[in-house]
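Novice: Listed here are the chains, written in short residue letters.
There are 2 protein chains.
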Amino acid sequence: MENGTKGTLQIFRDKIKQIKSYEEALGVLNWDLRTGAPKKGVEQRSEAIGVLSEAAFRLSTSDEMGELLDALGADGNKEQLHAIDRKLVEETKKDYDRNKKIPPKLYQEYVVLTSQAESYWEEAKENSDYAGFQPYLEKIIDYTNRFIDLWGAKATRYDTLLDLYEPEMTTAELDRVFGGLREKLVSLAAAVAASPHQPDRSFLGQTYDKEAQKKFSLFILEQMGYDFSSGRLDESVHPFATGLSPGDVRITTRYLPDDVTSALFGTIHEGGHALYEQNIMPELIGTTLCTGTSMGIHESQSRFWENVIGRSRPFWQQYFGELRKLFPGQLDVDVDDFYRAINTVEPSLIRIEADELTYNLHIIIRYEMEKAIFNDGVKAADLPELWNEKYRSYLGIAPRSDKEGVLQDVHWSGGAFGYFPSYSLGNMYAAQFADTLVKELPELWTQIGRGELLPTKQWLTDRIYRYGKLETPAEIVRRVTGKPLDPSYLVTYLETKYKDIYKL
Amino acid sequence: MENGTKGTLQIFRDKIKQIKSYEEALGVLNWDLRTGAPKKGVEQRSEAIGVLSEAAFRLSTSDEMGELLDALGADGNKEQLHAIDRKLVEETKKDYDRNKKIPPKLYQEYVVLTSQAESYWEEAKENSDYAGFQPYLEKIIDYTNRFIDLWGAKATRYDTLLDLYEPEMTTAELDRVFGGLREKLVSLAAAVAASPHQPDRSFLGQTYDKEAQKKFSLFILEQMGYDFSSGRLDESVHPFATGLSPGDVRITTRYLPDDVTSALFGTIHEGGHALYEQNIMPELIGTTLCTGTSMGIHESQSRFWENVIGRSRPFWQQYFGELRKLFPGQLDVDVDDFYRAINTVEPSLIRIEADELTYNLHIIIRYEMEKAIFNDGVKAADLPELWNEKYRSYLGIAPRSDKEGVLQDVHWSGGAFGYFPSYSLGNMYAAQFADTLVKELPELWTQIGRGELLPTKQWLTDRIYRYGKLETPAEIVRRVTGKPLDPSYLVTYLETKYKDIYKL
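Here the protein sequences line up with chains A and S, keeping their order. So the number in this note's numbering is just where the residue sits in the first sequence, counting from 1, plus 10. So the number in this note's numbering is just where the residue sits in the second sequence, counting from 1, plus 10.
If you're looking for bench data, these hints aren't it; they were derived computationally from the structure. Some hints could be false.
Using 27 Å as the maximum straight-line C-alpha spacing, the simulated DSS-like pairs for lysine-lysine come out as follows [said to hold, decoys possible]: (1) S/Lys-50 <-> A/Lys-224; (2) A/Lys-49 <-> S/Lys-507; (3) S/Lys-513 <-> S/Lys-493; (4) S/Lys-507 <-> A/Lys-50; (5) A/Lys-50 <-> A/Lys-225; (6) S/Lys-467 <-> A/Lys-49; (7) S/Lys-467 <-> A/Lys-479; (8) S/Lys-115 <-> A/Lys-16; (9) A/Lys-479 <-> S/Lys-50; (10) S/Lys-49 <-> A/Lys-224; (11) A/Lys-50 <-> S/Lys-25; (12) S/Lys-467 <-> A/Lys-225; (13) S/Lys-16 <-> A/Lys-115; (14) A/Lys-27 <-> S/Lys-25; (15) A/Lys-25 <-> S/Lys-50; (16) S/Lys-115 <-> A/Lys-225; (17) S/Lys-224 <-> A/Lys-27.
Derived DEER-like restraints, expressed as beta-carbon distance ranges [claimed, not checked]: (18) S/Ala-351 <-> A/Gly-215: 38 to 44 Å; (19) S/Asp-80 <-> A/Ser-63: 28 to 34 Å; (20) S/Pro-145 <-> A/Ile-21: 56 to 62 Å; (21) S/Glu-178 <-> A/Gly-76: 34 to 40 Å; (22) S/Glu-148 <-> A/Glu-178: 57 to 63 Å.
We put the beta carbon where it would ideally sit given N, CA and C, even for glycine.
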């Protein structure tokens, strides 16, 4: 490598380290806000977050950064870079170009708009007042359309948004995979609903002591191989995971006194996110590649642990005894009753309360609506009706109010169009990875049934976790499973599982 | 005000807001490190802290800041500024000038040296190996002397260091006040030691349940008027208070199972620091004036609450019943036994374990030693002998090893020469403030005896807390008490109290 390039690389790596440091600081400030910061300090805290975010943005869009990226990306130099540095340059360049295209003033207006809209949304949801929220939503859609114009439309306008959360994902691809999924799930859900063999889940809603729930959460994380010297478990209203660095990956959960499943599966879900972030290869530490590669792949890990493992029969054959020890009065049932209860399928109106099967229909509805907004110009005024129609058609039920309909999710008020598909992509990736995992570790379910979860964690580390953001989602899926994304794995997984549970 | 000055002021205030935001972020990062951050994340965290500290330093020493300060500080402009802005310009200018005089490279070397020295000190202390630490201490003294040369020596070289922690404090002033204190305290301590009426404090060292200790800590903070919606209480190895903004002032304490006084007085002490920071006037929020004015005045508040109030007889006449309810087995004594036990005086070797009376002698020893180093050129090699001599002479006891002698404190390994006097200044300020307080609130002790602590908090807020950094320590003392700092208030307070307790 030329001495000049070496010096340039050093300066570039130093800038990346700075950006990563701001990300770590912002991560801690946000974690702190959500886990117990005093409420009277929130206003000043928001100021501090604003100042640091702006400084990080300025670092990543500075002229100096532009020159470094040009120099390192130039033919002749690029080829001399180590693969990690080359990817780092590419990814940074992508962000740089994207951010440079938005005039700072326009972006500032958008930030103010979405932060206001989020509190108006909260109020509108509370009062089921869509008309009150509609003007804000219209503006957010309008700004998003201007961003798409500035960034440039990909194959379709909505593709530009998808790429923000799932790099290189397209509408064509989602139409293909969701198309293969929707019909099958609608008919499977209908068959399940018609089955006379409905599980009894009432015992899950008794009173469950919080300290005992916490004890089990800690126990199960430790079983999964979550490293407590690189993390901690706290409480928050909405559970989340935050990876500051592989040595500091924090998760939160929520203990409900009248629903033992909330903390149980919330903890395992966030634990899955955390295993991903704790096990990224050391070479990426301190760089912006040291994180999960996309929202979809991240969600595949949380959902793999929560659903594929955590709602499996072998898992509870091992762990139900432990749980019953903590709640002998409430769990006076046998393991199969418990297994069926935690896998109850029921068409419902609220996404975040949906079961593993119908959840995907909630997502497909949102995907189709977002596509209609950005590719077909459907107006905000028409969204509630469209929403209700789709719920009737796919789930057979319709909201009685917009509160449990189009107003239920926070995403749009924050401008996060293109995010929803990640959740179902996660489910599809998870099922496809699981298929390969079972082929490569034929002992998998025997091990799980003995409480040996670490070989699974190791396999995921070797195949997925360690690579961080070095590969795109599509590259990972193809390398790990030998095939592109295929929704039939999820269909087969769900059909097999639920035909058994509902004796279809 | 001229339009030009108005615009300049706006830009200046915006820079200050940025600096304050970095301070808040760094405050949270450090608080988090000390209250439970995962240990494997410490290395990356240190990187982030380094990056943010450097960015804040660059903001405060930028050429742009220099120009803003020159413009706002110029004759004709300065007079047009509001008092708060004028003070803000003065204080920022003082920091700017101080920081500008140190070449960045020299400062970097110093930061690396002191951060290494701190871990070498820990090891040296553990092994009582002064020789192992001496080379580092020599270097730190050397760097400090170079800083004094660059900053310029005030009346004496040590004065330049004192000013860092207690603005405008001088060696001449400390010689005067410590001179008035030392002799009196040495003879009072001797009389106390010779008294046949020694309190029995053995019952304080029984087993005290941690949860019950915590309950009392929370209770007593609430009694003091600590605002829990603007703060929180956590645990850490070394208790501390950190004021991020008046809406977010956090404290920590430490619960020892075999010493109920540790959390008790640690909590009240940090609570005193916190009341100061929670009650600064809103006009200062978001500026660098929104903090206590000096280490000494800060310490006066923690020590006022801990000792003057928290170790007083009326306080425990009210609260001992509450404490005994939590520990009925351990505290089967009467309130006067308890009062005498928590006020036991005993010459000892370790500063942080010292009682209210002899504590000041520990400080005077350190003050005299630091003065000897920087004003008389005493060498690091001679410090252990000098230390032991002074302990023999002032406290009548001498360390058996350097671990319980010259190596006991962390301060010098971090380069904090000039800090120690703050502790005794705090005691002297506290006694002098208390004298005025009793004159202005003649009901004080009756109120305390009824558990009415809020009038005291209000008086301190009106006289001291609200002003933040708007006034110097000397200005505050003179405005509140009508007199300059006078050590005789502390002497009178201690003599009155301990002659009673020890029946002298």
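Novice: Hint numbers the structure violates, sorted upward?
Specialist: 2, 3, 4, 5, 7, 12, 16, 17, 18, 20 and 21
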